[in-house]
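Sequence order for the protein chains is A and B.
Our numbering puts the first residue of the first sequence at 1019, with every later residue one more than the last.
Our numbering puts the first residue of the second sequence at 80, with every later residue one more than the last.
Simulated from the structure, these hints should not be mistaken for lab results.
There's no promise every hint is true.
Unchecked claim - With a straight-line cut-off of 27 Å between C-alpha atoms, the simulated DSS-like cross-links for lysine-lysine are: (1) B:K602 to A:K1417; (2) A:K1417 to B:K217; (3) B:K523 to A:K1417; (4) A:K1232 to A:K1244; (5) A:K1425 to B:K523; (6) A:K1082 to A:K1417; (7) B:K575 to A:K1425.
What the hints assert, rightly or not - Covered stretches of chain A, going by a simulated chain B footprint (3 or more residues, C-beta under 8 Å): (8) 1317-1331; (9) 1343-1349; (10) 1442-1455.
Said to hold, decoys possible - Listed next, the stretches of chain A that the computed footprint assigns to chain B, with coverage defined by at least 3 CB atoms under 8 Å from CB atoms of chain B: (11) 1138-1149; (12) 1419-1428.
Cβ atoms here follow ideal geometry from the backbone N, Cα and C, with glycine treated the same way.
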Amino acid sequence: MAILSWVTRLGFAALISALPASAQNSDSQAPASPQPDLLIKGGTVLTVTHGVIENGSVLIHNGKVAQVGTNIAAPAGAMVMDATGKYVMPGIIDCHSHLALDNDVNEATSPVTPAMNMLDAFVNTDKGLYHALAGGVTSLLLLHGSANMIGGQAVVIKNKFGLSRDQMLFPNAPRSIKFASGENPKRVYGSRNQLPSTRMGNFEVQREALQQAKEYMRDWDEYNAKVQKGDKEARAPKRDLKLEALADVLRGKLLVQIHCYRADEFLTEMQMAREFGYHVRAFHHALEAYKVADKIAAEGVAIATWPDWWGFKDEAWDAQPWNAVMSLRHGVRVALKSDSNDVVRRLNQDAGKVIRYGGATQEEALKMITLNPAWIIGVDDRVGSLEVGKDADISIWDKDPLSSYAKVEKTIIDGEVYFDSSLPGLGLTHWKNAPMSSGEFEGSEMDDEMGIGEAH
Amino acid sequence: MNPTLLKKCSSRFREGHGFSRAVNSPAFNSALAAAVSPTGSNICNDDAEPKNCALAARLAAKSHRITIEKRTSAAKAVPVWNVLTARLKSCPSLNRQLSLVALVMLAVTAAPSQTKQKTRIATSQIEATAPIAIRGGKLLTITHGVIENGVVVMENGKITAIGPAGTTIPRGATVVDATGMTVYPGLIDSETNLGLVEVEADQNSNDLNEPSDEIMPHMHVADAFHSETQRIPVVRVNGITNAIVAPGTTNSLPGQDIFIQLDGKDRDQMIVVNDIALPLNFSAEQRRRAMPGQGGGGAAGTTRFPSTRMGLAAQLRQAFIDAQDYEAKQQSAANRKSDSSNNRSGGGADRQKRDLKLEALLPYLHGQKPVVIGARDGYDLENAMRLAREFNLKVVLNHVTHAQDILDEIGSWKVPVIVGPIYDFPRADERYDAVYSLPAELYKRGVKIAFASYHVEHNRNLPYAAGYAVAFGLPYEEALKAVTINPAEIWGVADKLGSLDVGKTANVVIANGDPLDVKTDVKQVFIEGRKISLENRQTRLRDQYGGVPPAPSR
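Just chain B, same shape as in the assembly (with noise of 0.2 Å):
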């Protein structure tokens, strides 16, 4: 470790964070040592920008399970960072102002063991709009039909009002005409990556997959969430506002997903369900064997339990019964621990040790959120579903590609699916279409479907595959129900989205044309009320190399 390079590193992150004093301690220092060269790689090397830097003192600080926030403003000129939270059981290594900051906040949740998910409620902090009316345009309400030159109103941060023309406008309001445009509601993904990788090949941007451990329920994709990456504004412009960011899929347990909308001042105002599901992958990719294109997540020349579906389900069965098992001695131990403080004797002494990845899975068992399964073979699915029968839980379903043999049974467990990538192959031997049908053979077994994008690369196209399984036999508005209020109902959130009603959050979309087709240009995009700017990277590497020139006249 050059220690030159360590300080010029600590110094250009804190000064240019302007960090708190409460990270400045000696425990911080050698972590972050620790963190810009643990094995001699250069996360910070000579030419390291400052992000690198931020990135090192984030490692640092999350081998001090501490969860370092950016609350930033776009419209001031130093960022100021916070530690926020400290959480997680003891931090012993950590100076005593630390702990209290620590305690304070543990105090401030007030917990029994799950109430520490951090959830928002989008709408509570909704801004002051001012009023805007979109009129002229064709209005895809979604819930209650097509309003040719119709009228949205929108006021701080919500839809307040929505009809044909003729719709009262408020005074002051400002007008957008969208005469010859569709408007429709901002669209939902129900899975994606966004702001957990950057370059996929660039290690140091990448936080998909925690692969030590398969059992990863208490990794939190908002502790990896960054809300300020290049790719959200690529997407959002695409008519996308909402999205479920989901951990990679390393792992069977691989941490809680996100809900989050594609605009906000930083990423508080971003998240808008926290922990809001628990993905449960059960294929090949979480087998930890060694088999060249069986994608295992051992490393190369390696195999280590669970190697087959024996081992994964033995193993998930067994994190879940240690979970009930933890929460019955907890429980037990409150219990006793009661009853001693009324005796005024004792005390404390049967204090259990928090285990917070057993803990991350009480709210599942309850079946207070969904675990969403992920698995796309028959028989993979069935095996999945009897493990989650066995615990009662909450069941989303994803993926469901290869199990075309099992439709009429996934109909029957009346359970929702997001269903993709319709672009999966089919098996050899299978018609072409095998995959692309699949949400028109679900929706006709009366499944609730929702569409995903999944990958990164791809986050900005979910609307056409909506539009492909149109092609392969999904009614039209059934399609776009997948991209909308389906979503919302799935993820609990069809009271504040997915239709253009008065009372919901207005995201709000117009477009020249389709909105699942290929052709569309998004126009103008509004999330909670608040215009967004169509500008990206991309656009201003467009502008900056000159745009678009005009085609030749003929």
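Bound-form chain A, shown alone (with noise of 0.2 Å):
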């Protein structure tokens, strides 16, 4: 089983890593003037694939980790950070976020709108993007809500709070799509006696839908062909966007991102994935992956999980917190997520919580907070660990960070300090003190998925 897994993983691995990456070409690009290298200087270097580098350190060209290890000598003109006693390790990747919306969480007036695209909501001054990198956060997958079966297309943004909103966009990271399933569409819709009122309702509107992106994906490949081989009469199908955008999950152009927390609704939807020829890359809340670890795990399909929230509505009622580690072990590829403008400021503390229930080892922990989360955004070549060649994303911990006492002191993203705790004030280097945003949930410290009031 675990080498069947393997086989149909690494299968897996090779189709996604032939997706066009696509979508999010940023301005962030340009070369700005060339900064100088930084060497971060006789820390413990948690490198998250390569183990534990205690007096190590870490160099940083071009806003690219250069060197890891021990006796690294500083180029000339480089600056030297000196990180004795402390904890260096990648950013934290937060792979489930609503952070920076504005509220702008569900176009909650169909189940199926996979044509929005978080970009146009994304609004890069919101605090709570602040609090996250003061909790060393680097990366984050900014999602559509789970109002919707289908809901909308996904930003992915490195935290460089201060930049203007395309400077924030991570260059080139895949595009993903957020589909939902369960309690909230049904009762978002049937409460307005509306379908789907039901989990039958639920899939078959995605059935539905998936049929008609089936149907239109025909006619553009037969229309395509035709102009191929030079008919002039071709008449082109009319472009409907939100189609299109379903076209391109089925085209395996976009990676799916499920919102789902029951094991037989994972069996569906992995089913339906089989059905139309695309790929899950994420079921997110997952409680439930216990009970089908084998199976998620032999289907590639990874989790975004939190460790240890449970019983706020139904669906999350059988919820326990060696959820993480049993699904690890069955070969499943774990990452934390905050789904929370509140947990993302300390998800290093949710990692520690893993080695508590379930018992795994720091290097597992730390994954699932930086290395899986960076696989389900599809930037884990880019991001995720502290690797010769990778972006120089880097949180500086007073103590261990899977602990309740550590707090960050410094984070790093492309080589260049965004936060820093010693600072008087906010401790934000590029923050031109214009006023924040506080585009906080109604009810604003639950998060989205609590189930409760409207659905987000």
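Make the complex out of the two chains shown on their own, each in a separate frame, by following the hints.
Listed below in structure tokens is the structure:
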């Protein structure tokens, strides 16, 4: 089984890497003035992929990790940052967030809204981004909410708080789309006496939409084939942004991120993906993953979950905090995510909890908030571990980050410091003291998936 | 209403629970019918679980102002339900038998108005337990330092000895080896919703708020506390043995708290102190304005009084004045009655109708019990404190998360503060740690602080809030105190709880490390000297699906 799942996963990985990465071509790649090299020296370096280096150093050149090890000499002109007694780890990555969308989380006017793009709602001045930065979070996947079976397309950002909107986009990150299932869609539309009001309705709505997309894709393929053959009479089908987005799902151009709690629904979602020929990238929340972890692993689907939230609604009632490690041990790639403006500030503590619940190793726990969420977003070749050639996205902590007691001293993105707790005031290096916006959810202390009130 | 359904539900409930005859009355039947389908809702549908029927019956009982208490022993196969008390002024619609019970109960409680608080002190009913000695662990006594390689002995529900290695262990004691472990007193959570809500989104299991009015001091959490909640066994295995249970915060005076221990064979054994305190909430949430994002209690699209702070304050002031007025009238009526009975004439003509709402406020107006003022901002706190001073209330502050502008003033008030949630968001343009650092800032000003986990999903995470406050400047020992001895003192139970001391209730936790760290695993919990099962709904699910497979060997 384990071998089989490995093979499946490798095959899947190959397929994904063949995806046209796309979408977020931002201006942020324009070469700025060359950065001086930066040497972070003398800390406990948690590389995530190749162990812990005591008294270790990380050399950053041009915003990338140039060397990781001990006894790295500072090149001429390099800035040296003394990290003696500190912990140095990759920046934390939150693969499920609704921050910085100014409450425009759900276009809850139809259960199928794949043409929505969260980029259109992205507000780069949200104070929540600052709070996350101060919690060591360097990249986030900002998702549509879970009111709709098929929601909108996500935006991936680097948390360069203080820079412009475009400069905060993660360059060339793959596109993701949010699907949902279960209680939220059926409650939102059921309460209006619309389809769907049951799980039967939920999946029928999804299947119907995918079927339309399949036909749309066929029409366009036929048209393109005719054009290819030089058919001057060929008439282009009408463009439909909704179906175009879904056709991109079927073509494998969008990573499918599915809000899903229950074991039976994982199976339905994976069945539907097989039926229509796409892949599910990750189940989000996934509180019952432990019940069918082997099947999720065999399909190469990751999960993004919480360690210990539970019972806020019926579909969260079978949650148990060993879920993350049980799923991991069955071969599932596991990430811990926040889905909360609150928890995003201390995902490091959530990672500590999986050591307690199930005995994850330090490296496994760290992966759940770095490399694994990076994989879910499709940027694990660029961020999520301290490896030569990767982006220098780094958080530096005063104590073991997997404890109750650690706080972030510095957050570094692409080799530049964006947060430094030792600075007076806010500790921000790029913020121009403009007013921050406060795009909290209604009932702001709760998160969007709590299922209370109007669904997000 | 489907009569077959009612019958099914009714009989299922009665048969399943051995309902006492007193409740088997026509009046109860009609109330049950109403509860089963008050507005065409399906509390009891064809697939109704017995628990839903039970719920309907409880609703019916409540509508008749009866407190039904479940008197069940875990060992017994058939739980027995009894009408234990029938409270409140009159029960004309109930049968005579019940009225008699009520009268007897009233007589037993022999009552000037405020003696009806059902107060019970834990130790009064502590059961005999066999001696247990925990040895070899690092003892965090809280009140007298750390004892490495120490010994704690418990017997008959209490701590009977504590000391270094070599402390005498009674013959026949069960010895628990805690070598390498940390041993500490059970943690105390100063606000939870335990037993008031099971699945929050499911209204049938949610008894948090009674939103019909803002002034509801006569709501008793004890009447809704569901001691068999699946949540308590989950929370206590994180080392939390005692907690305040408070109603939701929709109302300015939402009802009276209870203080519980997180184990017991029934509700009565779990309620350590009934009606221990009265929350007084003064924030945006209680204002009945229908504004998006305000979290107002008003129905969508409506605005009603009180929709402003002025309204909130005036309404509270009026309630307290009404209560004072009521008390004065009751007093003078009692005096007149006593005069007239001396004269053997008249009598009864001046009898005052009891008003349970106003009566509920009296012990608080007398300063006998604390009023827990919940406010976040400085100006709201000052408003609420002004009110509290006006009526000489005994105050415990709660939240205070955005009162950084008046910290010195808070210090000068000399009142304890339940601080948090420290995860409340800073305001825009505030430093990210403005709330995290609040416990440390209050401590520096001499304020006695305690932590609370508040929301039911987070109750097991109480210790981590205390730990996180340490990261932001609170001394570690103070953080520990803020979940042990400080809350014990604030809630008036420090003679029984909050430290490892001889004579205190044996609520003791053994863990594999620092109690406040997220990585620490609790290995054993004792409540009243009883070894508590570590099993709960979540461990059962874990085990049912094969448990955690071993890590691959490297």
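Each hint, compared with the structure:
1. B:K602 to A:K1417: Distance of about 25 Å is within 27 Å: holds.
2. A:K1417 to B:K217: 23 Å, holds
3. B:K523 to A:K1417: 23 Å, holds
4. A:K1232 to A:K1244: 18 Å, holds
5. A:K1425 to B:K523: The hint holds at about 21 Å.
6. A:K1082 to A:K1417: This hinted pair holds, its Cα atoms lying about 25 Å apart.
7. B:K575 to A:K1425: Status violated; Cα separation ~36 Å.
8. 1317-1331: Held - the segment 1317-1331 of chain A has 6 residues with a Cβ nearer than 8 Å to chain B, which meets the minimum of three.
9. 1343-1349: holds (count 4)
10. 1442-1455: holds (count 6)
11. 1138-1149: holds (count 4)
12. 1419-1428: holds (count 6)
The structure is inconsistent with hint 7 alone, although it conforms to all the rest.
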